[in-house]
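Enquirer: Sequence lines, in order, name chains A and B. Here our numbering is used: the first sequence runs in plain steps of one and ends on residue 91. Here our numbering is used: the second sequence runs in plain steps of one and ends on residue 140.
Possibly wrong hints are sitting among the right ones.
To be verified - Computed Cβ-Cβ distance ranges for the label pairs, DEER-style: (1) Gln55/A - Pro86/B: 32 to 40 Å; (2) Pro104/B - Ile11/A: 26 to 34 Å; (3) Thr61/A - Leu94/B: 43 to 51 Å; (4) Ile45/A - Met63/B: 26 to 34 Å; (5) Arg84/A - Glu91/B: 52 to 60 Å; (6) Gln55/A - Lys61/B: 37 to 45 Å; (7) Phe101/B - Glu83/A: 28 to 36 Å.
The set of hints was computed from the structure by calculation and includes no laboratory data. Here the structure is a predicted model, which is why all the values come from computation and not from measurement. Ideal Cβ positions, reconstructed from N, Cα and C, are used throughout, including at glycine.
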Amino acid sequence: MFETILFVALITTSVSMLICLIRAIIGPTTSDRIVALDTFGITLIGFIGVIMILQETLAYTEVILVISILAFIGTVAMSKFIERGVIIDRH
Amino acid sequence: MHPNDVILQTVTKVLAFIIVIFSFYVFLAGHHNPGGGFIGALTTACAFLLVSVSFDIETVKKMIPVDFKTIMAVGLLIAVISGVLPFFFGENFLWQTFDYFDLPLLGNTELATALVFDIGVYLVVIAVVLAVIFTIGEEQ
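Produce the entire structure from the sequences given, and follow the hints as far as they go.
Expert: Below is the structure:
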């Protein structure tokens with residue numbers, strides 16, 4: 001029963017990631033694509049969490065944290081690029 | 001134009017410390033758990049990258065007052081020394097050992113000499129990543 005629920009959660013997250021991917025492909029503006037990829041990363045975190053429950057392991061906790069850090073930094077960098085044109089200021 | 005980055009800079013001031021602490025945890029956990037010198041150094045470089053994105057390059061250069069090439073050289077030197085050191089005990093190159101020590105606060109802890117090699121890898125990777133990013137960032 002519990003495994004069935006977990007598989008349903010996996011399928012639901014996969015559909016959600018697919019929808020995010022469609023938005024990232026057809027998105028009219030760059031901001032749409034950035035937000036879609038950010039949401040894709042966050043959904044991937046939930047996906048890995050469900051897989052971690054399914055395999056009864058704690059080995060992927062660092063993966064989850066690293067993905068969240070990378071998603072945040074990537075989103076900040078791309079947002080700064082579309083706003084100012086440069087990612088790293090020099091002064 | 002005067003940019004207003006208050007939210008980003010405030011978040012960075014909190015988040016950079018959390019990322020550095022997490023990277024240090026990943027670095028130390030590498031002996032028994034997933035992690036190690038490489039991913040720890042990449043995560044630390046992520047923290048400095050976040051600071052350089054939300055502030056500027058000068059802030060990071062002030063945080064790391066040493067030239068990146070020096071850090072690379074020191075890291076390689078530490079790795080080579082940890083490989084050469086077993087010669088003085090009549091063992092082979094890169095021979096590693098471990099022992100258990102009673103440390104204050106931590107109790108009975110396993111200390112391995114592989115950590116010294118990992119420190120070298122850590123320093124080299126962090127310096128290479130930051131040098132590449134800042135060289136590209138200053139080119140424009």
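Enquirer: Would you pick out the hints that fail for this structure and give their numbers low to high?
Expert: Going through the list in order, the structure violates hints 2, 3, 7 and respects the others.
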